[in-house]
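Turn these sequences into a full structure, and let the hints guide you.
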Amino acid sequence: MMEDILINWSPQETRVAVVENGAVQELHIERTLERGLVGNIYQGKVARVLPGMQSAFIDIGLERAAFLHVADLHTAAPRGEQPTPIERLLFEGQTLMVQVIKDPIGTKGARLSSQVSIAGRMLVHLPQDEHIGISQKIGSPEVREALRERMLGLVGTRDSGGGGGFILRTNAEEASDEELAADIAYLRKTWNTIRDRALTLPPGSLLHEDLNLVQRVLRDLCSERTAKVRIDSRLQFEALQAFGQQYMPGSVGKLEHYAGERPIFDLSNIDAEVQRALSRRVDLKSGGYLVFDQTEAMTTIDVNTGAFVGAKNFDETIFKTNLEAAGAIARQLRLRNLGGIVIVDFIDMGREEHRQAVLAELRKHLAKDRTKVAVGGFTQLGLLELTRKRTRESLARMLCEPCPTCEGRGQVKTARTVCYEILREILREARQFSAREFRVVANAAVVEMLLDEESQHLAGLSDFIGRPISLTAEPGNQTEHYDIVLL
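In numbering that gives the first Met the number 0, the protein residues as written are 0 to 486.
Just so you know, these hints were derived from the structure itself, not from any lab.
Please read these numbers as outputs of a predicted model, since none were measured by experiment.
Hints should not be assumed to be uniformly reliable.
Said to hold, decoys possible - Straight-line C-alpha distance at most 27 Å; calculated DSSO-like pairs for lysine-lysine: (1) Lys136 <-> Lys253; (2) Lys253 <-> Lys284; (3) Lys363 <-> Lys319; (4) Lys284 <-> Lys136; (5) Lys253 <-> Lys367; (6) Lys188 <-> Lys284; (7) Lys107 <-> Lys44; (8) Lys319 <-> Lys367.
Set out below in structure tokens:
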């Protein structure tokens with residue numbers, strides 16, 4: 000099935016939507032003041048070495064120090080061998096070239112690697128290695144071996160002015176020798192520029208910045224399944240054309256400038272889809288629904304039949320709901336960019352063949368995901384576990400912030416609960432301080448309850464402490480916020 004890519008550009012923000020069969024499958028957002036750091040290369044300075052964690056904090060000029068594990072050091076031992084302890088490889092104050100492999104998320108700093116890689120259209124350059132790798136998605140062993148032989152002939156050796164390793168991306172399978180050679184030359188030129196900058200710039204300097212989102216559309220998102228790439232900015236369209244003609248000429252014919260009066264995202268009702276992707280509940284066409292809860296450690300997804308009663312018997316109703324939910328969950332993971340551990344609570348199925356069919360349906364839809372996903376089977380409790388690689392903030396974390404009223408809990412105390420907290424606090428204050436009067440400043444609903452339903456308890460407390468209690472309603476106060484003033 001073919002897909003369209005829509006690009007909505009403005010000076011402050013770029014939004015990219017991948018649309019398949021009229022439904023939004025992916026949404027990418029890049030804000031000018033909040034550009035992601037993955038792929039950027041910095042001249043870092045070791046701020047602290049932690050032998051107990053076999054890691055180090057590296058200052059790369061950001062607000063928070065970045066994190067480097069010994070396994071991501073270029074000088075670390077090969078896989079399967081015992082790595083050299085990090086305290087023997089790094090020391091505080093040492094200058095080190097590092098690359099961001101994971102953006103800062105929440106309170107965590109960026110994740111780094113000293114194994115530099117530079118992505119091109121068809122190749123990824125590994126300037127510190129001599130390895131020739133082939134993408135796992137490229138066909139048969141014979142095809143892979145033929146590509147490796149071609150690359151060995153094109154790369155050359157360090158003595159011949161070549162050197163460095165390369166990984167062939169999936170779109171290199173049909174590339175000509177001329178296209179591969181052009182990509183090799185571009186990547187080596189980029190590496191030479193980075194190396195020259197590293198010799199002259201101080202620690203904390205940016206040596207190389209990855210492509211912006213508009214350019215990455217051609218490099219990473221555009222494929223043989225892409226019918227059109229439509230962009231609503233004439234200036235960015237021309238810049239993308241020039242960029243494509245130089246590096247990705249095969250994709251230039253798919254570019255199209257959108258000059259319509261309606262906003263480009265209105266063509267597929269994308270803004271409404273984004274709003275739905277920010278809500279906890281997602282309704283299914285059958286009448287069932289999904290509930291998403293995202294926490295720091297994991298995301299949980301609950302599947303419910305809701306109003307769906309259309310099948311012949313209860314088992315079939317559950318099976319059809321879970322089948323539909325499997326496709327919707329795969330799409331929502333991509334759209335919301337949910338990463339880390341994901342636990343799915345499908346409706347309990349009594350038949351093993353139903354569970355295997357739902358699992359196969361989920362895996363079929365997840366195969367379209369550009370991000371690596373590992374799916375386990377059903378647990379003894381009937382839960383399905385999967386992990387999705389997390390490289391950037393989720394859609395909700397990017398567009399939203401915790402509610403200042405509930406502080407992210409998703410619920411607030413009732414007015415009666417706050418009333419009883421106030422009565423306990425007054426009693427506590429009366430035992431510690433000698434005051435003529437206690438004045439409560441609280442939300443209007445709390446004050447109204449104290450004057451009405453809880454008036455008997457308020458009067459009883461006033462008699463018990465022997466002091467008057469007055470009430471003042473503050474319209475700006477949230478339900479849980481109150482003050483007790485001693486007069």
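Quick rundown of the hints versus the structure:
For a cut-off of 27 Å, the pair hint linking lysine 136 to lysine 253 stands: about 24 Å separates their Cα positions. Simply put, lysine 253 and lysine 284 have alpha-carbon atoms about 33 Å apart, too far for the 27 Å limit, and the pair is violated. Under the criterion of a C-alpha separation no larger than 27 Å, the hint pairing lysine 363 with lysine 319 is consistent with the structure, at around 16 Å. This hinted pair does not check out: lysine 284 and lysine 136 have alpha carbons roughly 33 Å apart, beyond 27 Å.
A distance of roughly 21 Å separates the Cα atoms of lysine 253 and lysine 367; the hinted pair therefore holds under the 27 Å criterion. Only pairs whose Cα atoms come within 27 Å are accepted, and lysine 188 paired with lysine 284 is rejected, the gap being roughly 52 Å. For the suggested pair lysine 107 and lysine 44, the alpha carbons sit about 18 Å apart, so the restraint of at most 27 Å is met. The straight-line distance between the Cα atoms of lysine 319 and lysine 367 is roughly 22 Å, inside the 27 Å bound, and the hint therefore holds.
Violation of the numbered hints given earlier is confined to hints 2, 4, 6; the remaining hints are satisfied by the structure.
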